[in-house]
Amino acid sequence: MPRTAIVMLDETPWVVCVANTPAKQVAGIASLYDLRDVGAVGMLFIFGRNSMRHLWMLDIPLRSGFRD
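Numbering (the numbering used here), first residue to last: 62 to 129.
Because the hints were derived from the structure by calculation, they are not lab data. Don't be surprised by glycine CBs; every beta carbon is placed ideally from N, CA and C. Do not rely on the hints blindly, as some may be mistaken.
[What the hints assert, rightly or not] If you anchor each label on the Cβ, the simulated ranges turn out as follows:
{"#": "1", "residue 1": "SER92", "residue 2": "GLU72", "range": "16 to 24 Å"}
{"#": "2", "residue 1": "TRP117", "residue 2": "GLU72", "range": "27 to 35 Å"}
{"#": "3", "residue 1": "GLU72", "residue 2": "LEU119", "range": "18 to 26 Å"}
{"#": "4", "residue 1": "LEU70", "residue 2": "ARG97", "range": "16 to 24 Å"}
Between the sequences and the hints, there should be enough to build the whole structure, so can you do that?
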């Protein structure tokens, strides 16, 4: 079962799966059969330091956003 967290965006709570290790970040959302199985609406990628990041979401119909 993936780890989930509640994040607040514009005062709205969202349940997301947490990708906080390199392995989880590489596998990404495609590694999950269905986010709804865990009640999530997306994935939060947590990185340890500021640096240039690239996201590739082949065949995943999602939008991405970046927050500091």
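Taking the hints in turn, this is what the structure says about them:
Checked against the hint of 16 to 24 Å, the C-beta distance between SER92 and GLU72 comes to roughly 30 Å, which is inconsistent with it. A C-beta distance of roughly 31 Å is found between TRP117 and GLU72, which places it inside the suggested range of 27 to 35 Å. About 33 Å separates the C-beta atoms of GLU72 and LEU119, a value inconsistent with the hinted range of 18 to 26 Å. Evaluation of the 16 to 24 Å hint for LEU70 and ARG97 yields a pass: the beta carbon distance comes to about 19 Å.
Violated hints for the displayed structure, listed by number in ascending order: 1 and 3.
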